[in-house]
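Residue numbers (my numbering), protein chains in the order written: chain A, 1 to 481; chain B, 1 to 233.
By construction, these hints were calculated from the structure, which means they are not laboratory data.
Beta carbons are placed, not taken as given, at the ideal position from N, Cα and C, and that holds for glycine.
Mixed in with the good hints, there may be bad ones.
[To be verified] List time: in silico DSBU-like cross-link candidates among lysine-lysine, alpha-carbon distance up to 35 Å:
1. LYS204/A to LYS31/A
2. LYS21/B to LYS104/B
3. LYS104/B to LYS267/A
4. LYS382/A to LYS210/B
[What the hints assert, rightly or not] The following label-pair restraints were derived from C-beta to C-beta distances:
5. ALA351/A to LYS210/B: 20 to 28 Å
6. THR219/B to MET255/A: 24 to 32 Å
7. ARG224/A to TYR18/B: 52 to 60 Å
8. GLU73/B to ASP260/A: 54 to 62 Å
9. GLU346/A to LEU144/B: 55 to 63 Å
10. VAL29/B to ARG305/A: 28 to 36 Å
11. TYR18/B to GLY223/A: 46 to 54 Å
12. LEU144/B to ALA277/A: 49 to 57 Å
13. LEU60/B to PHE307/A: 25 to 33 Å
14. GLU346/A to LEU60/B: 44 to 52 Å
15. TYR18/B to GLU346/A: 52 to 60 Å
16. ASP260/A to LEU60/B: 38 to 46 Å
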Amino acid sequence: MSAPAAFDPASRPPDGAWARLSSLFRTTAFKLSLVYLAVFAAFAFFVLGYVAWNARRVLDDQIVSTIEAEISGLSEQYAAGGLRRLVAVVERRSREPGASLYLVTTPAGEHVAGNVGALPPGVLAEPGQTETAYGRGADAESLTHRAIVRIFTLPGGFRLLVGRDVEERDRLRAVIARAFGWSLILVVGLGFVGSLFIARRVLKRVDDMTGITRGIMAGDLDGRLAVAGSGDELDRLARNLNAMLDRIGELMRGMREVSDNIAHDLKTPLTRLRNKADAALGSDDPAVLRAALEATIEESDNLIRVFNALLMIARLEAGSSRDDLADFDAGAVALEVAELYEAVAEERGVAVTAEAAPDLVVHGSRELIGQAMANLIDNALKYGAGGEPVVAVSAARDGDFVVLAVADRGPGIPEEDRARVLNRFVRLETARSRPGFGLGLSLVAAIARLHDGALLIEDNGPGLRAVLRLPAARSPAPEVP
Amino acid sequence: MPEMRLLIIEDDREAASYLSKAFREAGHVADLAHDGLDGYALAREGDYDVLVVDRMLPKLDGLSLIRSLREQEVGTPVLILSALGQVDDRVKGLRAGGDDYLPKPYAFSELLARSEVLARRRGSAAAGAEPTAYRVGDLELDRLSHRVTRAGQEIVLQPREFRLLEYLMRHAGQVVTRTMLLEHVWDYHFDPQTNVIDVHVSRLRAKVDKGFERAMIHTVRGAGYMVRAGGEA
Chain A
1 MSAPAAFDPA SRPPDGAWAR LSSLFRTTAF KLSLVYLAVF AAFAFFVLGY VAWNARRVLD
61 DQIVSTIEAE ISGLSEQYAA GGLRRLVAVV ERRSREPGAS LYLVTTPAGE HVAGNVGALP
121 PGVLAEPGQT ETAYGRGADA ESLTHRAIVR IFTLPGGFRL LVGRDVEERD RLRAVIARAF
181 GWSLILVVGL GFVGSLFIAR RVLKRVDDMT GITRGIMAGD LDGRLAVAGS GDELDRLARN
241 LNAMLDRIGE LMRGMREVSD NIAHDLKTPL TRLRNKADAA LGSDDPAVLR AALEATIEES
301 DNLIRVFNAL LMIARLEAGS SRDDLADFDA GAVALEVAEL YEAVAEERGV AVTAEAAPDL
361 VVHGSRELIG QAMANLIDNA LKYGAGGEPV VAVSAARDGD FVVLAVADRG PGIPEEDRAR
421 VLNRFVRLET ARSRPGFGLG LSLVAAIARL HDGALLIEDN GPGLRAVLRL PAARSPAPEV
481 P
Chain B
1 MPEMRLLIIE DDREAASYLS KAFREAGHVA DLAHDGLDGY ALAREGDYDV LVVDRMLPKL
61 DGLSLIRSLR EQEVGTPVLI LSALGQVDDR VKGLRAGGDD YLPKPYAFSE LLARSEVLAR
121 RRGSAAAGAE PTAYRVGDLE LDRLSHRVTR AGQEIVLQPR EFRLLEYLMR HAGQVVTRTM
181 LLEHVWDYHF DPQTNVIDVH VSRLRAKVDK GFERAMIHTV RGAGYMVRAG GEA
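The task is simple: from the sequences and hints, build the whole structure.
Put into structure tokens, the structure is as follows:
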């Protein structure tokens, strides 16, 4: 099955894995996922950064408070025993393992005691707290470690340095940074893969929909989109599209019914015509031939009627005969047509009563309204049989409208069929056995529409009341002398 | 019906030759023209009883052709054939100077009956005004006093029945179709679905022919009715 020509080939996905992927990238779902991913990554970055910064601040605070405690201990020793006592304590503490750092120097900066070997130049000159590199061990040369230190100037120019190594803090920082990096990579990676997955899922459903709709365009009108049942937006879309397809299917069936009816209703008399001619061919009797020819002409006339009616409905619906409209008395038309049918009704034992109010002026075609009334009375005679044999024709004014009505006492039309009978070639089961083509009411409805009026099918309780409602002409008809 | 000379102006050659053959079989003579200009030339020169003109013609359309003929004071009756079977088309055709109008598709019997009536009208128009009374055999109709008598006996008719008989008698000896009756007696041009006209005619017939040996109103099968003296009841 080939795709219909109307389908734009540009929107068909090209072949190949890359093309499939690129069609994935183009999906709305993928793009949306990427936006979400970026927002989420920014959020994660902010949260992790905040945590890392806070952790560092807490650690720094802890280091500083440890240094403070050391200093207060040492200052007590200094107060109690002077420089000598301080140096002894520093020497003792320097030998203990741990992160605490001590240094006592001469005013010239020469090492007296402590576990700090090397310091960048100038550090000792400035009292106060600072972060600096240093060398661990009394005889260290290189600055391989880092510490937070506090420097004091003792009386006599001696310097005291108390500090704490920050290696632990830095290691923690590195751990956090690594975790930070990895988690970002993970978030972005998982997010990207997730987006692809979501996009593929959505794309697959959309592709399924596209496939089904393409099938429908190719003529398979029974195809319906799958509804996942999750009630999401794609489901809603699928449900709406399905409802639309149901409606289209209904209309198509209606069209098919009309064309089937046309074919059937025209084929039957044509076949009859052909069979009659065929049968007559076998006879030499001039009387038989003559009768057959006359029957043939009669059948042809019926066909001509059908075509005329079809053409007329089509032309009325196209609204092409609006130019030759004039004012006329619709009540008089109702009476005239009722009189025309009165004789044929009487022959069938049906009484036709007719009454009309005066001056029911309508702007339109007297011919067409006459034709409409003829069709309605004809219908009443044909299908109104069975009840009281009366057909009532009336013409009255109702506000701005002229109401022409034909009412019978027959079986009527069930409410559910009333709109349908106005369609072309629709014949109710009860009418199938009678001659006719189901065009009469369609024609009347078309005439009513041409006059900006309407044909209403009502219940006459019992029976049928067909009402032709036409707008009254704005000004009354000029007096005819 | 005496022989008629017709000119059929129709661009569909098949339809035109069918018509000419059918008219010949009905005892008439028909010439053909296949476009508006030829038709106009023939219509001006030839002495025809009736012109049958298609509305849509090459070179010169049907309505312009009729208008030109009327301007040249060619009064030959014109019957317009048209595929545009609508009320306003009929009105336009008659306004252009046509005398009758027949929408396609039509029955040949209808065309024949209408052509014969047009040809006869031409004859009677030449003879002078419409007579005030018609007489067919022993049936008489007085248009002034609205009295109808048969063999001296008065027949009481309803006004519509009177107009029906009047029309039939005016065209005595000619076929009058149901649609022609609807047009001239009721002034409607639509196609009655049922045999409404037949019932009116048979009512009239009951009053006119009942009790008489010879029928006046005859049914022409497949075509319509004819009033003529003679024939069995």
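Right, here's what the structure says about each hint:
Between LYS204/A and LYS31/A the CA atoms are separated by roughly 16 Å; this keeps the pair inside 35 Å, and the hint holds. At roughly 18 Å between alpha-carbon atoms, LYS21/B and LYS104/B fall within 35 Å of each other, so this suggested pair holds. Distance hint between LYS104/B and LYS267/A is fulfilled; the C-alpha atoms sit about 21 Å from each other, no more than 35 Å. Note on LYS382/A and LYS210/B: the hinted pairing holds, with a Cα-Cα distance of about 30 Å set against a maximum of 35 Å.
For ALA351/A paired with LYS210/B, a C-beta distance near 24 Å keeps the hint of 20 to 28 Å intact. Our hint of 24 to 32 Å for THR219/B and MET255/A is violated, since their Cβ atoms are close to 43 Å apart. Here the CB-CB span from ARG224/A to TYR18/B is close to 54 Å, well matched to the stated 52 to 60 Å. In this structure the supplied range 54 to 62 Å holds for GLU73/B paired with ASP260/A, their Cβ-Cβ distance being about 56 Å.
Separation of GLU346/A from LEU144/B is about 31 Å and departs from the stated range, judged on CB atoms against 55 to 63 Å. Here the CB-CB span from VAL29/B to ARG305/A is close to 32 Å, well matched to the stated 28 to 36 Å. Against the hinted window of 46 to 54 Å, the Cβ-Cβ separation of TYR18/B and GLY223/A comes to about 51 Å, which satisfies the hint. Taken as a hint, the range 49 to 57 Å holds for the pair LEU144/B and ALA277/A, whose Cβ atoms sit roughly 50 Å apart.
Remark: the range hint 25 to 33 Å for LEU60/B to PHE307/A is upheld by a beta-carbon distance near 28 Å. At roughly 51 Å, the beta carbons of GLU346/A and LEU60/B sit within the given window of 44 to 52 Å. TYR18/B and GLU346/A have their C-beta atoms about 41 Å apart, which leaves the hinted 52 to 60 Å range violated. Remark: the range hint 38 to 46 Å for ASP260/A to LEU60/B is upheld by a beta-carbon distance near 43 Å.
Consistency note: the structure conflicts with the earlier hints numbered 6, 9 and 15.
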